[in-house]
Amino acid sequence: MSSEVDVNKLYRKVRGKKIFFLFILTLALLAITIISICIGPISISIQDIIKAIFGENPDENLRAIVLDVRIPRVLMAVMAGTCLSLAGVIMQGLLRNPLASPYVLGVAAGAAFGAALAVAFGLQFIFGEYALFMLALVFSLVTMFMVYGLASARGVETETLILAGIAIGSLFNALVSFLIYVSGEKIYGIVFWLMGGLWGADWEQLFIIFPVLLGGIVITLNCSWDLNALSMGDEVAMNLGINVKFSKIFLLTLATLLTAVTVSLTGTIGFIGLVAPHIVRIMIGSDHRFLLPASGLVGAMLLLSADTLSRMIINPAEMPVGIITSVIGVPFFVYLLMKRRKRWWI
Amino acid sequence: MEFKVKKATVVLTAILIIAIITSYGIYHFLSSGYMPDSTATLIDGAGRYTTIKHPVEKVVSLASSVSEILCTLNASEVLCAVDQYSTFPPYLKEKLDTVDDFNVGSGATPSIETIVYHKPDIVFAWPYCTVIDEIEDRGIPVYVLKYPDDMADIIDLIKTVGYIVGREGRAEEISSFMTGYVEMVEDRTKELEQKPLVYFELNEPGKTGNGSTIAGSLIKITGGANIAENSSLKYLTINNEYIISTNPDVIIKFYYGTEPNEEEMDQLKEEIVNRPGWSVINAVKNDRVYVVDYAECSTSPRLIIGLVRYAKWIHPELFNDIDAGELAEYVYTNIYGLKT
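Line by line, the protein sequences give chains A and B.
Going by my numbering, the first sequence opens with residue 225, and the numbers climb by one from there.
Going by my numbering, the second sequence opens with residue 14, and the numbers climb by one from there.
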């Protein structure tokens, strides 16, 4: 049966290529991470960085810069980028919609509103930082299922879903503006934070996002076959023995959780969750077993590069990272839209 | 009989009648309060020519700074409406809350209807006001303010406003009081070789300004060196590690409450002191992190209080003899006419 052997061989060859691609991406991310740790408004040589971390009597300012500011920020960019991309992949696959992403579906706006609400009422002083996440999560879940509900009321069509997302997203944006308006100058950070920023990234925040990310990676990788099936359509998935309704709600909740935690730590950062999965699809196709980790890596690289740029462009001033991701993301998105019209999510 | 009227009588009578009519006219003219329009043409802060009645009697202020300055000039009665942020002195806030038509909304998008209703002689507005042309189209002159860069701009503004409302004397009094303090502080700091590094933070983490902001100017006058002095951006978000590596000796955090609240000000200080990596900064090590009420550092005579606070924080050894609290009390009683 020579043809069968050929298919297996072919499969193994393709799979090998994809694994190799993942390997290259990992190396690239590692390289960008190291570069990002080494460059900044204060140039520090790699020897000094190693000395600052492991040395016996390091310069305490250098140590503070490297350990308390730069490394947490770089790691935060990596994790936030990964979370947003994973959320993007899940949303695009489940909703069978190439334009779906935390930003486009209004989920990020919902999370922003929840967090802004917490800030406006000073809840973080009463219940601690977790009030922020809880409210962000609650409102992003509300958005997600409102959008999904609105869209499925008419049968989930590409346009309906996006329009529902835009509508509800604008509603929450308006509510955030309202909060800022009524709270006046008291609501210090909200505007800045909505622009997207990693300025204040610290270890404490990393300890919050890390378990969420880790859980997200493990769960999504375990569900990658389900995602493959679901992205072929509900009927196909049902015939493959998948509890469609449960899987959808479970995975959408997971994607929303990833978004909510990221948004409440960094503000809304657009286009990472949209663009990263598409870059990977163009290169290695849409098998979720590879698409998920590869998108995570690409998203991490994108956000990390954007943030490093934002630190460097008008040194020592900073550009809000949201501006840079949008500037990179929008032309790319238009390019994608023009180039590949069909079959980009299966 | 024929009447013989002497020519002289006719002439005298005529003169008398004319005199009576004229004097009645003049009397009527004066008593009606009608004076030929005395006008003044000014160049406003945006470099535009504005012709106004002088002195003006009815003012709409879309800038809380001008509202405040007018009150210090004892001219609060000319204010027929103000923007919603003109809440100081407290009697303005009370009027905002109680009098209809006194509140025109935000300075950026005020209610044109309310402005036109008052028929003011002049409207003061910041350049960010979006309806300047619409107001002028209705025949109401608008004086567009300049964003102040330093102390001198603010003293100029007080004088200009004083001229516009015809209170030059009082304006001169206030501005020379302020100039006196500025000169005293400058005098003590100008010879200094050692200038402590200062980082000031506005509403958000990392948000600061360069040398041509009011806070930047206060730091310069009080003999400090602003870590963002030479930035090309007037306001910027400065990099976190840059702050740590420049290692400021003094940190000044702005507080933006409507009324100073000790507890909230302490919270702000706590937050800064506990930022990751900031424990190595000199200002944190030496407990020289201060929180200043934003209102004492903005465009108004209260700025002088901010100036003295900065001076004492940046060079405590040079300004031992001056008590910022006493100065504040003096300013609030004698310039603002508030009982403390």
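Watch out, some of these pointers could steer you wrong.
Subject to a maximum C-alpha distance of 25 Å in a straight line, what follows is the list of computed DMTMM-like cross-link-like pairs (lysine to aspartate or glutamate) [as the list claims (entries may be wrong)]:
1. Lys203/B <-> Glu181/B
2. Lys298/B <-> Asp230/A
3. Lys132/B <-> Glu149/B
4. Lys282/B <-> Glu284/A
5. Lys282/B <-> Asp458/A
6. Lys203/B <-> Glu242/B
7. Lys325/B <-> Asp150/B
8. Lys208/B <-> Glu284/A
9. Lys266/B <-> Asp511/A
Just so you know, the hints here were simulated from the structure itself, not pulled from any lab data.
Bear in mind the structure is a predicted one, so any value in this text is a computation, not a measurement.
Hints, verified against the model:
no.: 1; hint: Lys203/B <-> Glu181/B; in the structure: violated (31 Å)
no.: 2; hint: Lys298/B <-> Asp230/A; in the structure: violated (71 Å)
no.: 3; hint: Lys132/B <-> Glu149/B; in the structure: holds (12 Å)
no.: 4; hint: Lys282/B <-> Glu284/A; in the structure: holds (22 Å)
no.: 5; hint: Lys282/B <-> Asp458/A; in the structure: violated (55 Å)
no.: 6; hint: Lys203/B <-> Glu242/B; in the structure: holds (17 Å)
no.: 7; hint: Lys325/B <-> Asp150/B; in the structure: violated (49 Å)
no.: 8; hint: Lys208/B <-> Glu284/A; in the structure: holds (23 Å)
no.: 9; hint: Lys266/B <-> Asp511/A; in the structure: violated (52 Å)
Hint compliance for this structure: hints 1, 2, 5, 7 and 9 are broken, all remaining hints hold.
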